[in-house]
Amino acid sequence: MISPSRVPARRRAATLRPRQARHLSPRIRALHLTRPSLLAAVGIVVGGLTLGTTLARQPAGSPSTAETDPTAAGMIQLVDHGQLAPGLAEVRLNFATTVSPAMGANRLLALAPDGATAAVASQVGPAPATLSLAHRDGSQQRVSLPGLIGAGFAPDSSWLAVIDGAGAIWRVPSAGTAAGRLADGPFIGSPIVEDGGSVIALRVSSIEAPIVSRLVRVGPDGRIVALVGDELVYGAHLMADGSIAYAAHQGSHTLLKELVGGTPRLLADLGEDAVNVTVDADAAAVAFERSGQVLVRRLADREEIPLGPGMRPEFAPDGRSVLVELASGSALIAVDGQRLASFNSQAAFAACAARCRP
Amino acid sequence: MTSRLLRLILQSMAPAALAATCALAMAGPVRALDDYTLPFYDPGVSLLYGVDRDPRIGIQLDYTGKIWYDSANHPGRVYDGHSGIDYPMPLHSPVAASKDGVVAATEGGYGTQQFGQFGNFVRVRHSDGRHTLYYHLAGRADGGIAVGYNEEVVVGQEVGESGCSGLCYGPHLHFEVLVDVGGDLVTSDPMYRRLWTTWPGRIPFRAAYVRENDPDTVYVRRGYTISHWVDFKNTGGRTWRPGSWPGRLVLGTWDPAAHDSPFAAGDWTSSWLATRVDDVTPPDEVGRFSFGIRGAPGPGSYRETFNLLSQGVRWFDHDDLGGFYVPITVINQLE
Numbered sequence: 001m002i003s004p005s006r007v008p009a010r011r012r013a014a015t016l017r018p019r020q021a022r023h024l025s026p027r028i029r030a031l032h033l034t035r036p037s038l039l040a041a042v043g044i045v046v047g048g049l050t051l052g053t054t055l056a057r058q059p060a061g062s063p064s065t066a067e068t069d070p071t072a073a074g075m076i077q078l079v080d081h082g083q084l085a086p087g088l089a090e091v092r093l094n095f096a097t098t099v100s101p102a103m104g105a106n107r108l109l110a111l112a113p114d115g116a117t118a119a120v121a122s123q124v125g126p127a128p129a130t131l132s133l134a135h136r137d138g139s140q141q142r143v144s145l146p147g148l149i150g151a152g153f154a155p156d157s158s159w160l161a162v163i164d165g166a167g168a169i170w171r172v173p174s175a176g177t178a179a180g181r182l183a184d185g186p187f188i189g190s191p192i193v194e195d196g197g198s199v200i201a202l203r204v205s206s207i208e209a210p211i212v213s214r215l216v217r218v219g220p221d222g223r224i225v226a227l228v229g230d231e232l233v234y235g236a237h238l239m240a241d242g243s244i245a246y247a248a249h250q251g252s253h254t255l256l257k258e259l260v261g262g263t264p265r266l267l268a269d270l271g272e273d274a275v276n277v278t279v280d281a282d283a284a285a286v287a288f289e290r291s292g293q294v295l296v297r298r299l300a301d302r303e304e305i306p307l308g309p310g311m312r313p314e315f316a317p318d319g320r321s322v323l324v325e326l327a328s329g330s331a332l333i334a335v336d337g338q339r340l341a342s343f344n345s346q347a348a349f350a351a352c353a354a355r356c357r358p
Numbered sequence: 001m002t003s004r005l006l007r008l009i010l011q012s013m014a015p016a017a018l019a020a021t022c023a024l025a026m027a028g029p030v031r032a033l034d035d036y037t038l039p040f041y042d043p044g045v046s047l048l049y050g051v052d053r054d055p056r057i058g059i060q061l062d063y064t065g066k067i068w069y070d071s072a073n074h075p076g077r078v079y080d081g082h083s084g085i086d087y088p089m090p091l092h093s094p095v096a097a098s099k100d101g102v103v104a105a106t107e108g109g110y111g112t113q114q115f116g117q118f119g120n121f122v123r124v125r126h127s128d129g130r131h132t133l134y135y136h137l138a139g140r141a142d143g144g145i146a147v148g149y150n151e152e153v154v155v156g157q158e159v160g161e162s163g164c165s166g167l168c169y170g171p172h173l174h175f176e177v178l179v180d181v182g183g184d185l186v187t188s189d190p191m192y193r194r195l196w197t198t199w200p201g202r203i204p205f206r207a208a209y210v211r212e213n214d215p216d217t218v219y220v221r222r223g224y225t226i227s228h229w230v231d232f233k234n235t236g237g238r239t240w241r242p243g244s245w246p247g248r249l250v251l252g253t254w255d256p257a258a259h260d261s262p263f264a265a266g267d268w269t270s271s272w273l274a275t276r277v278d279d280v281t282p283p284d285e286v287g288r289f290s291f292g293i294r295g296a297p298g299p300g301s302y303r304e305t306f307n308l309l310s311q312g313v314r315w316f317d318h319d320d321l322g323g324f325y326v327p328i329t330v331i332n333q334l335e
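Protein chains in written order, with our numbering: chain A, 1 to 358; chain B, 1 to 335.
For the record, the hints were derived by calculation from the structure and aren't laboratory data. For glycine and all other residues, C-beta sits at the position ideal for the given N, C-alpha and C. Treat each hint with caution, since some may be false.
[Unchecked claim] To give a feel for the contact side, a few chain B residues facing chain A, derived at Cβ under 10 Å:
id, residue
1, Asn73
2, Tyr79
3, Phe115
4, Asp142
5, Cys168
[Unchecked claim] Residues from chain A shown here face chain B by an in silico Cβ test under 8 Å; the list is partial:
id, residue
6, Pro126
7, Val212
8, Tyr234
9, Ser252
10, Asp273
11, Val275
12, Arg290
The whole structure should be built from the sequences, with the hints applied where relevant.
Shown next, in the form of structure tokens:
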């Protein structure tokens with residue numbers, strides 16, 4: 001133990017300096033912000049109020065559904081933009097309070113292949129959330145789930161596979177009636193429902209920090225089969241010819257591969273920091289994000305075309321344009337870089353859901 | 001008297017603190033030194049959530065062994081299904097390697113605060129077969145990734161900066177220690193398993209000023225050299241070593257870092273590197289740094305500022321050393 005009197009005055013002053021003070025405020029802010037429940041609570045409050053719903057925490061394994069008055073405030077409106085690109089629809093959230101989808105609140109998860117239903121999450125994450133199923137006719141159902149990660153519609157649009165906050169996959173009818181549990185997981189990603197009812201998803205060991213993410217097929221009976229040996233798969237896409245293209249991380253690079261007859265084949269090495277990779281239905285071009293910029297690369301000649309700032313690109317079914325998410329809203333950009341349209345809301349391709357959605 | 005004092009102390013302890021103390025005492029002995037250290041430099045950072053060691057939904061087993069039969073969040077302990085340890089910290093706080101190793105994977109393509117299912121990370125493979133994971137980092141273009149794939153890193157080396165990429169609701173570091181089970185990386189709980197260098201865990205590099213042979217102004221004749229030493233207590237988590245790697249610790253000039261010193265004596269390693277720690281100094285021990293001060297400049301009063309540098313990769317927090325400097329007065333030979 002050192003007596004303060006033994007420390008020279010010039011050093012004592014420095015030793016006693018309250019150095020914690022400069023760190024305190026940001027840390028306190030971080031402490032409050034880090035709690036997953038807090039933002040989720042904001043999302044729930046906003047979603048609950050605007051949707052006219054009172055959410056109750058649902059025990060795992062028992063999602064509940066509720067009908068919404070179509071005349072109530074907070075309706076979700078589907079607006080067709082098929083003249084711009086095949087199957088393009090804008091999903092307008094007519095909420096009194098706007099919470100940015102960028103933080104996972106009020107996020108469009110999927111659009112049915114027939115374009116008649118949109119699935120919107122009140123909040124993405126492990127905290128209790130509401131899945132709103134908004135129909136083109138103006139009706140709307142809500143499904144309460146113990147958290148919500150992702151969703152994908154069946155090819156016939158009659159039901160959708162939903163991943164809850166614990167990573168379990170549920171089979172939810174598009175009409176919002178009783179949901180059934182398909183598999184425990186945990187899974188993440190936007191599940192792809194195949195003809196016949198099997199689901200392609202990413203099986204992980206951790207939902208918050210996935211560094212092992214296996215591409216698997218979950219059969220209608222819940223049986224899980226690994227599709228590839230890659231350790232960290234970021235997303236998959238059903239191609240027009242029935243094969244599966246997927247983006248995998250290896251070391252520090254992102255690779256685009258194609259699974260044909262059970263054997264992976266390298267389509268492209270996208271290098272370092274290529275994320276949110278998507279490929280067109282014919283595997284002629286790939287779109288991805290790097291440092292906040294969206295790029296399209298033609299696989300034949302490797303030419304890269306910058307499309308500008310944006311996130312999570314998605315190819316139109318005809319491969320001629322790309323839908324990108326912006327900080328607020330979205331934009332449709334031709335593959336040559338020309339901006340075709342801008343929207344204040346989130347948008348998606350309906351016809352693409354069964355074939356080329358990640 | 002003693003029993004009265006003990007009673008007072010026990011009465012003053014909050015029940016929760018007592019329970020935690022008992023739980024920790026029952027959890028087993030502290031592991032050997034120099035195993036792992038906390039993955040950051042700021043000793044003020046505290047844990048928000050630890051690992052849930054029970055895979056079942058609605059049942060949480062925290063690092064103290066307590067079981068929670070609910071799905072509520074328990075700050076300071078655990079939340080349901082959590083695979084790592086969350087340390088809240090402002091954006092762009094430096095993140096340190098917890099142990100020597102090789103970078104096994106990096107991702108830096110997401111924005112620093114880009115919400116999504118995947119985020120930026122660095123994963124380091126260690127010689128004991130374990131891996132450590134540093135997740136939710138800032139984007140590489142934003143300075144979030146400081147190391148490259150396959151690069152060797154030493155404990156305490158900065159591997160990146162904190163962010164909020166991925167499934168993240170506020171800036172924090174998600175840290176994991178993983179074990180290889182049949183080719184699969186499976187999370188483990190370093191707190192429960194006492195993998196920290198000390199218990200509770202310590203940041204890698206930290207020291208406190210103790211004493212000097214001459215704490216006041218040092219007088220040195222022009223052209224002559226005098227001997228000087230200073231003692232610092234190792235309050236960090238790593239053993240200081242004079243020359244061997246890892247753990248090599250040196251005293252160098254500071255403010256600005258590694259500047260050429262006019263007082264560099266013949267025993268200095270270089271114009272800015274005054275000396276190494278004299279002897280191996282484990283945590284909680286006091287290490288001595290002996291070096292000469294040469295009265296090279298003209299007569300006058302000066303001061304030379306020093307700081308500790310570990311592994312050649314990270315300077316200590318100079319405030320921890322009490323802002324250490326040596327006042328020096330150079331006098332003419334005839335005075």
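When the least beta-carbon distance from serine 252 of chain A to chain B is tested against 8 Å, hint result: holds (4 Å)
Hint check, phenylalanine 115 of chain B versus chain A [nearest Cβ-Cβ separation less than 10 Å]: It holds, given that the least Cβ distance between phenylalanine 115 of chain B and chain A is near 5 Å, below 10 Å.
Restraint satisfaction for valine 275 of chain A [CB to CB of chain B, less than 8 Å]: holds (4 Å)
Evaluation of the interface hint that places aspartate 142 of chain B against chain A, nearest CB under 10 Å: holds (8 Å)
Proposed interface contact between tyrosine 234 of chain A and chain B, which counts if any beta carbon pair is under 8 Å: holds (6 Å)
Restraint check, 8 Å cut-off on beta carbons, for aspartate 273 of chain A near chain B: With a closest approach of 3 Å, the aspartate 273 of chain A hint holds.
Chain A contact restraint for asparagine 73 of chain B - C-beta distance below 10 Å: Holds, because the Cβ-Cβ distance from asparagine 73 of chain B to chain A comes to roughly 5 Å (cut-off 10 Å).
Status of the tyrosine 79 of chain B interface restraint (C-beta, 10 Å, chain A): Hint on tyrosine 79 of chain B: holds, closest Cβ of chain A at ~7 Å, below 10 Å.
Closest C-beta approach of proline 126 of chain A to chain B relative to 8 Å, hint status: Holds: closest Cβ of chain B sits about 7 Å from proline 126 of chain A, inside 8 Å.
Hint check: 8 Å Cβ-Cβ cutoff, arginine 290 of chain A to chain B: Holds: closest Cβ of chain B sits about 6 Å from arginine 290 of chain A, inside 8 Å.
Valine 212 of chain A as chain B interface residue, shortest Cβ-Cβ below 8 Å: holds (6 Å)
Residue hint cysteine 168 of chain B, partner chain A, criterion CB-CB below 10 Å: Holds - the Cβ of cysteine 168 of chain B comes within 10 Å of chain A, reaching about 8 Å at its closest.
In this structure, every one of the numbered hints holds.
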